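Undergrad: Chain residues, written in single-letter form:
2 protein chains.
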Amino acid sequence: MLEFWFDFSSPYAYFASLEVDALAARHGRQAVWRPFLLGVAFKATGMGPLPQMPMRGDYAVRDWERIARLRGVSYALPEPFPFNSLQLCRAFYWLDAQDPGAAKALAQAALAAVFQQSIPLLTPESVAALASAQGHDHGAVLAALAAPEVKERCRQATDEALAKGVFGAPMLLVDGEPFWGWDRLPMAEQWLAQGGW
Amino acid sequence: MLEFWFDFSSPYAYFASLEVDALAARHGRQAVWRPFLLGVAFKATGMGPLPQMPMRGDYAVRDWERIARLRGVSYALPEPFPFNSLQLCRAFYWLDAQDPGAAKALAQAALAAVFQQSIPLLTPESVAALASAQGHDHGAVLAALAAPEVKERCRQATDEALAKGVFGAPMLLVDGEPFWGWDRLPMAEQWLAQGGW
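Listed in order, the protein sequences are those of chains A and B. Going by this note's numbering, the first residue of the first sequence is number 1, and it counts up by one from there. Going by this note's numbering, the first residue of the second sequence is number 1, and it counts up by one from there.
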């Protein structure tokens, strides 16, 4: 199992999302996309959003820009940043229960809107608008985002992340072996290729 | 200028120390070794030693072991860990003012003792013993470690690190461009090779 844990508000997760499927495919695998709420993990580890941390925040902003230039991908921070990705997490797991492919397509569209067009998708309305552009029923999305069982799925996913030691985003679990950070994708790939070492 | 900032108590810095000179040499450059006190940077950024952080600590311990296996290098954590690297920092800058090559040789011997033989070099006596094994006068080392001007050099180096945005170890500054972490050595090398991007 190759799990790709991410938060919709993480630039490093955005960059990883552009690479993870091709990485998996090179080894005949498929990545399972698993959003969770990084803010909950931060509370558990005593961390906080990078931009609010002295020195580390400046480094991260610079690092995101140079990764985008290196990879030649569109990138801009949303405003506000970070934003609460709760509604996106709920929308993802609502779709995922019906059609994982559609959930992943929504996730990709969401990450593009957030990190290419600077649109923070934090309200139910903005998430419903995105989903309806993907062919989903606007009213059904809004109803789903308010449904207790959908809220519960996002909560459970975050609990599962914490139980598996996922404290940051992105984190790849390659048959249980954790690789944290966009910059560890090459090591994760080597692990996949060799079956560990 | 290629600056290699590190703390003698950082496993990631130890792994980087084994690679940084060859990396620099591949591009006709020399790395300037610059120890500093990571604990002071932690206070400035609100961070703490990895082993004391929930989840992140477990990940780091696992990660250090797999990096050692991947690179095929000896590795063991010192006890206690982390340890106060103040005396090593002072010994380094005392020697560095006279003979940078001898200072680097001492640093390499220190990192090997710490991370290959699990010896925490935290007392003046243990540092003097290491230095005398390198051919330095035992009494002169002990005297230097207690000298105000030597203490001041380590303090100034740490101040310089903070002023340059060095919040973690290892950090490479490639003509001022910061690369944080052992796992960013490949990116630092690409920056060196291309002169940035």
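Hints may be right or wrong, so weigh each one.
These stretches of chain A come out as covered by chain B in the derived footprint (C-beta under 8 Å, 3 or more residues) [claimed, not checked]:
| # | region |
| --- | --- |
| 1 | 36-46 |
| 2 | 49-59 |
| 3 | 64-78 |
| 4 | 181-188 |
Label-pair restraints from in silico Cβ distances [claimed, not checked]:
| # | chain 1 | residue 1 | chain 2 | residue 2 | range |
| --- | --- | --- | --- | --- | --- |
| 5 | B | G176 | A | G139 | 39 to 47 Å |
| 6 | A | E65 | B | A25 | 26 to 34 Å |
| 7 | A | Q116 | B | S74 | 25 to 33 Å |
| 8 | A | S132 | B | N84 | 53 to 61 Å |
| 9 | A | D99 | B | G48 | 39 to 47 Å |
| 10 | A | E177 | B | A163 | 32 to 40 Å |
| 11 | A | E160 | B | A129 | 33 to 41 Å |
| 12 | B | A25 | A | Q194 | 24 to 32 Å |
| 13 | B | H27 | A | R62 | 18 to 26 Å |
| 14 | B | A102 | A | Q52 | 18 to 26 Å |
Treat the hints as calculated values from the structure; they're not laboratory data. Please read these numbers as outputs of a predicted model, since none were measured by experiment. Yeah, the Cβ is synthetic: ideal placement off N, Cα and C, and Gly gets one too.
Undergrad: Taking 24 to 32 Å as the hint, is the beta-carbon distance of A25 of chain B and Q194 of chain A inside that range?
TA: holds, 28 Å
Undergrad: For S132 of chain A and N84 of chain B, compare the CB-CB distance with the range 53 to 61 Å and indicate the outcome.
TA: Given a distance of about 59 Å, which is inside 53 to 61 Å, the answer is holds.
Undergrad: If I claimed the Cβ atoms of G176 of chain B and G139 of chain A lie 39 to 47 Å apart, would that claim hold in this structure?
TA: Once the Cβ atoms are compared, 54 Å apart, the range 39 to 47 Å for G139 of chain A and G176 of chain B is violated.
Undergrad: Are there at least three residues in the region 36-46 of chain A whose beta carbon sits under 8 Å from a beta carbon of chain B?
TA: holds (count 4)
Undergrad: Could you say whether the range 25 to 33 Å given as a hint is met by the Cβ separation of Q116 of chain A and S74 of chain B?
TA: violated, 46 Å
Undergrad: Has the hinted range 33 to 41 Å been met by the Cβ atoms of E160 of chain A and A129 of chain B?
TA: violated, 50 Å
Undergrad: Closer than 8 Å, Cβ to Cβ, for at least three residues: run that test on the region 64-78 of chain A against chain B and report holds or violated.
TA: Contact hint for the region 64-78 of chain A vs chain B: holds, 3 residues under 8 Å.
Undergrad: Examine the region 49-59 of chain A: at least three residues should have C-beta closer than 8 Å to a C-beta of chain B.
TA: Since three or more residues must qualify, the claim that chain B covers the region 49-59 of chain A holds, with 6 doing so at under 8 Å.
Undergrad: In this structure, is the beta-carbon distance linking D99 of chain A and G48 of chain B contained in 39 to 47 Å?
TA: Given about 43 Å between the Cβ atoms, the range holds.
Undergrad: Taking 32 to 40 Å as the hint, is the beta-carbon distance of E177 of chain A and A163 of chain B inside that range?
TA: holds, 38 Å
Undergrad: Can you let me know if the beta-carbon spacing of E65 of chain A and A25 of chain B is within 26 to 34 Å?
TA: About 29 Å separates the Cβ atoms of E65 of chain A and A25 of chain B, which means 26 to 34 Å holds.
Undergrad: Would you say the region 181-188 of chain A counts as covered by chain B, given the rule of at least 3 residues with C-beta under 8 Å?
TA: holds (count 5)
This entry does not satisfy hints 5, 7, 11, 14, going by the numbered hints stated previously.
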